[in-house]
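Q: Given the sequences, and given the hints that come with them, work out the whole structure.
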Amino acid sequence: MRRRTVHFSAMAVFAVLLAVGSSQAQEPSAKVAQDSAEAWLSLVDSQNYAASWHEAARLFRNAVAQEKWQATAQAVRTPLGPITSRTVKSATYATTLLGAPDGKYVVFQFNATFERKSAAIETVTTIRENDGTWHVGGYFIN
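Residue numbers (this note's numbering): 1 to 142.
These aren't lab readings, by the way, just hints derived from the structure by calculation.
Check the hints yourself; a few may be wrong.
The calculated lysine-lysine pairs, modelled on DSS-like cross-linking and capped at a C-alpha distance of 30 Å, are [stated by the list, open to error]: (1) K117 <-> K89; (2) K104 <-> K31; (3) K89 <-> K31; (4) K104 <-> K68; (5) K117 <-> K31; (6) K89 <-> K68; (7) K68 <-> K117; (8) K104 <-> K89.
A: As structure tokens, then:
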């Protein structure tokens, strides 16, 4: 079976995030950002795509319609089967990202295993919103 790289269309704006050369996340809010990323991933894992769209960053919701996100997420995640494990591989703090407004970001990479895909890397970009809360603004899986 061919190796498949899966791109969520909602995250096309953030596809270049992997090229960001920032230092490892060190500030205390990185833990809060990670908690937000993991809570959001839990919604996606439970196939609650509508809730994941509502919980995403404003930038995410402005980039893709809810119906488009739901259809894309379902089409991509269903063939993988349920998540069986996920561990943080890296966390990178950034204030500038190519194709995105300046702000506070933490880009997480997770090693993930699914029922029907033994090795995947999930990249989740969290954004600190104006009210100080962290929300997912980008998701990429391969």
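Q: Now look at each hint and say whether the structure bears it out.
A: To see whether the hints hold, each was checked on the structure:
1. The straight-line distance between the Cα atoms of K117 and K89 is roughly 17 Å, inside the 30 Å bound, and the hint therefore holds.
2. Under the criterion of a C-alpha separation no larger than 30 Å, the hint pairing K104 with K31 is consistent with the structure, at around 14 Å.
3. Between K89 and K31 the CA atoms are separated by roughly 14 Å; this keeps the pair inside 30 Å, and the hint holds.
4. Of the supplied pair hints, the one linking K104 and K68 holds, its CA atoms being roughly 27 Å apart against a limit of 30 Å.
5. Between K117 and K31, the direct Cα distance comes to roughly 28 Å. Compliance with the 30 Å bound is thereby established for this hinted pair.
6. Taken as a hint, the K89 and K68 pair is honoured in the structure, with Cα atoms around 29 Å apart against an allowance of 30 Å.
7. Pair hint K68 plus K117 holds up; C-alpha atoms about 24 Å apart against a cutoff of 30 Å.
8. Only pairs whose Cα atoms come within 30 Å are accepted, and K104 paired with K89 is accepted, the gap being roughly 20 Å.
Checked against the numbered hints given earlier, the structure satisfies every one of them.
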